[in-house]
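K.L.:
Chain by chain, the residues:
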Amino acid sequence: MKVKITIDDKIYEVDQETNLLEACLSLEMDLPYFCWHPELGSVAACRQCAIIKYKDDDDEKGKLVMACLEPVKEGMRISLQAPQAHDFRAHNIEALMINHPHDCPVCDEGGECHLQDMTVMTGHNYRRYRFNKRTHTNQYLGPFINHEMNRCIQCYRCTRFYNDYAGGKDFDVFASHDSVYFGRHEPGILENEFSGNLVEVCPTGVFTDKTFKKHFTRKWDLSNGPSICHNCSLGCNIIAGERYGSLRRIRSRYNGDVNGYFICDRGRFGYEYVNSENRICIPLKIENGESSPMPREQAVREISEITSGAKKLIGIGSPKASLESNFLLRQWVGSENFYAGIPANEGKLIRQVIKILKKGTVRTPSLSEVKGYDAVFILGEDVTNTAPMLALYLRQAAKNQPGEVAKDLKIPDWNDAATRVVVQNATGSVYIATFHATKLDEIATQSYYAHPDNIARLAYEVMAEIEGNFKDETKVEAMDNANQPLSSSIAKAMLAAKKPLIVAGTSLYSEAIVQSAAAVANALKEKGKDPGLVYVVPEVNSIGLSMLSEQFLEDAFDKTDSADATIILENDLYQRKDKSSIDAFLKYQKNIISLHYLENTTTHQANYVLPVGTFAEADGTVVSNEGRAQRFYKAHQPDNDIRSSWEWIQEIMMDKWGSASFDEIVSSMVREFPELERVQDAAPSAEFREETQKIPRETHRYSGRTAEDADKNVSEPKPPEDRNSALSYTMEGFTGVPPSAITPFYWTPGWNSVQAINKYQIEVGGELLGGNPGIRLFEPKETTDLDFSDHIPLQFSPKQDEYCGLPLYHIYGSDELSAQSPAVKERVPEAYIALNDDDALKNDIREDDMIEVSVNGEKKRFAVKLHKGISPGILGLPKGLTETAGTEFPFTATIKLISHE
Amino acid sequence: MEKPLTEHIKTDGTWLTLTEYEETGGYQGLRKALSMDPLAITKLVGDSGLKGRGGAGFPTGKKWSMIPMGKDAHYPKYFVVNADEMEPGSFKDRLLLETNPHQIIEGAIIGAFAIEANFSFIFLRWAYHKAAKAITQALQEAYEVGYLGKNILGSGFDLEMSLHISVGRYMCGEETALLNALEGKRAIPRAKPPYPVVSGLFGKPTIVNNVETICNVPHILAKGADWFMKLSKSEGEGGTKLYGASGRVKNPGLWELPLGTTLREILEVHAGGMQDGYSFKGVLPGGGSTDFLTDEHLDTPMDFESVQKVGSRMGTGTIIVLDDKTCPIGMLRSLEHFFAHESCGWCTPCREGLPWTAKLLDAIDAGRGKMKDLETLEFHTKYMAPGNTFCALAPGAMEPLQSALKYFRYDFEKHIHEQKCPWKS
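Residue numbers (my numbering), protein chains in the order written: chain A, 1 to 901; chain U, 1 to 425.
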């Protein structure tokens, strides 16, 4: 509700639910702050947002209060400009700067530093402190984060984010008075999956991006692409910054519906493969095992010749490629010859998920909506490793039930200081059923470790408990309710919740899990609850790809004899299926054309390789696990032959597609796939102009533009044109706040740091001006004809000497591309095989022993880890590591001890 | 003159055992309390005019009455005794802790019963080793005879009480920082509201009372509110008060006197006046974090209201006397170093301002002062004013400084002009 308050003798309407700092910032006023963060709330530690609050109209003196901790009240009168408040803020800066090293010229934060901005904002400019500064030693914090403690102004945001918000355990604040220290108990790798957010949460240069440091450039010298993280299926919004042809850094791009302010460390630091020495930058022709570069025109000509006269083509798409690239490949080879480049078991499961998204009655919340649910039931997913940001927001959801007490005490949501006292470390109802212990278990009310079939059976029991059907219904006759009392506790907790959330996914390749999750959600819906249902899928465009095709890799393999050319789009097939079947397939292909970013086993077997853009050098649309279509844009136009895949295909199919713009390709796609119609609205068209101008990717402070290439040519080259978007590759153009989907950076007068985001939002911490980007393709239906409980699986029982192999996911390692980034590579584990303690004992196997595993007839050796909570009869094998790539799950295996450690 | 708090203490250095305490009428207050309605106890304590003896002087009955009662309140509730006496110059709680532990325990049981708390903690300063022994023994005795534990004296009231020995920070004297420390967290203060009466220990309704405050409670129960009110010389504030004096007086010590006894009487009659060869320069009337008073204020009654009127605070009622042969800048320097070191580091003004003032005083004391430093010191007293900081630590630390700048300005200037400390040869 809006109320009227008086600020410096003018009347304003502000939101009653908020505090005065948020209210002033939402009114576009410049009130400095440090400890407050829109997502972390108020604690009033830094004292920087001091203002004067007057008792009534006659009060002339007023009282100094901290705006962040003062609730808005109808009719109140305050002043930001009163000399007492103004002076206090300036002096407060003076105080907190007494030990700051003033090393801005050598600090990575310089030029985008909140401390710089706030210092200038308060007007403080003269230093009276005349004594020595205290100094600290810095710590090694691993490959991601650089530590420079002397710059610290003790705002406590880091520990509030890392410990309180993200659940980190290996970081804290130490000591007291003016020697408080923020770091680890001893130097070492920061373990939390969200540590990179410290870079943006820290208002100055204590925590900076170590990967960025290796090829540092100032914020103003970056060319930026509004982009989408390609490292999992959540579709977090990012900004990719480029300089001199290399990708320099990834920053979170605020999207109030998706990732909010944060991204995970895989998303932030997993970009360096883009700059890899193994990047393919020019077309290659491979003959007799010899690879030779080839001019662009010749490559296009030769490939055109081969394919235009062909009787039959095979096109293999990719969940890492955009809708547009997959669509154009499909147009090239013909729909009947287009195959989604994933195994059928995965593809069919994703199609199940799409069907539920399309036809189900339960809402799939957006990523940030997840924070609003108050009870969670996770089925099968190791969320921290398969969809990290979802885990971060599930942690917040877990605080909602205990937070009710704070609401009873009339403590507003934003008052973190008070809420934390009331809530302590309590968590609400969180139930997790997985086949092994996961990191989120620490917030779980109860965890249950079992084979996917048994997880599904538990879910069906919960469904029956919710429906009250155990007594007399036949529907669940296959059930024995073996999981009492767990199943009824879960059912009770879900029914007691205001908004229960069911989380599942495709990671265990279990149809039963996907179905049973929907069954539980549906049962809750029918009981009048307002449940949510989230499915995690494997890759950035898994949903988009599977909407374009229902044929998968195996279908392509069955038809090997008749193709004249096989085009493989952004896909290393050896990551998808076992080596022998890929070898067998590729061996019989006459002409293999691979479009890829990096050299890999698949490109080595191709006849032609075309260099294509990663997310940083390509335009396109991807569809997230939520069914949200989101556009990503090039950060820059490479000066080599690297292009979006669809641009290559366009060039090869010049007659048909040569003149089509990006938007026209989207239109054609939509005509063919009406379900994708709203993709057109995901972002402004290429014709869009703001005050007749394009949106520049480079900042208005971009320096040395005319001098950049002066060592080669003194005349300034014409910047490349971008005919595919409303963005330009220059620093000239519209300088205000552009539409949210094409915002390449945050920068407003006086606000040089990432905190300028306040000025891009309707209300601070809320929706972006013009709405959050992305378009949801699916909304829940009123009724559904889907039946989720017609295939209740049989109970899984461990077999003598035969094991079921299931994938273990690692945030660093299980994703093929990010794992090739040097910083991430340091965090990738060695391959291992995980075993239940009793199973190990039975086979005389101990931790670190070497065992031989026979996976579908192929023998592989791994060191053993006795994994906590892993169910009997199950082997866990890390997915996607170099040694395990291509392993298909689930597999049946026998094990043999080779040697004791 | 009645001295309910101290009349029975022994002079041989041992504390009263349970039997000895009972012989002096101990636990009669509790027996009476258990027969009363909890709300009636709170009213009685309110009527007695008892004000918190930890320094702030908040009416005890009023505090108790703010605890949510009845079925809808959040349980468990907690009753905490603040025995973290660390105020510079203060040693009054120590006497009570070391000589009569059962008086504290009885008071805490009555307090817990009045607010329907089933758990109680005594939060003790780490350095009070003897007190720790006394409390430990007394708790054991109280459990053995059923003053603590289940169904106390057949009343149906359960109370578990334990001793928590702090690791030692001045900050823990602040009740919300104390609660954080008791929870095993950093001793930083909490935002108020909500106050501990609503959301205190582990987020539940909690009373935190000072040792001396709670020692009065059994006597109020046993002898009534009127009796207690009449012990005092001051209007509206009841009871006796432990007054102390340290510094170069003839007879430094601690005395239980009617509340509102004048500064002059305490210093001249009980402390015996200044030692020979020393003359009076000023006092910190209530511990290190109170404003200086000088000879013009000696006839002020030592009660919360009167001392406030003359520009200081009664605080803990333990007076530090400054004489003419002690450098006031040296004294302040030592105090401000203490406060700077004890800052928890949570809010900017305290964390950065206190070390800055300490360094300025170092410089002035060492003969490196500048006249501009006095402006900077003045600035700090305003920068760290109440409300500007997160809690009362820094404003308290500024009280002796701001008054010294007023009363002893000549001494500051002399240091700076002569570029040395005039008290040092």
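Calculated directly from the structure, the hints in this document are not laboratory data.
One or more hints might be untrue.
[To be verified] Derived coverage of chain A by chain U (criterion: at least 3 residues anywhere in the stretch with Cβ under 8 Å from a Cβ of chain U; other residues may be distant): (1) 124 to 132; (2) 255 to 266; (3) 277 to 286.
[To be verified] Within a straight-line C-alpha distance of at most 20 Å, the following computed EDC-like cross-link-like pairs (lysine to aspartate or glutamate) qualify: (4) A:410 to U:72; (5) U:372 to A:847; (6) U:382 to A:56; (7) A:63 to A:9; (8) U:185 to A:164; (9) U:192 to A:408; (10) U:185 to A:170; (11) U:71 to A:15; (12) U:192 to A:802; (13) U:192 to A:87; (14) U:382 to A:60; (15) U:71 to A:404; (16) A:896 to A:802; (17) U:71 to U:158; (18) A:169 to U:183; (19) A:4 to A:15; (20) U:185 to A:172.
Positions of the beta carbon are idealized from the N, C-alpha and C atoms, including for glycine.
K.L.:
Please flag the earlier hints that this structure goes against, numbers listed from lowest up.
P.N.:
Checked against the structure, the hints that fail are numbers 2, 3, 5, 6, 11, 12 and 13, while the rest are satisfied.
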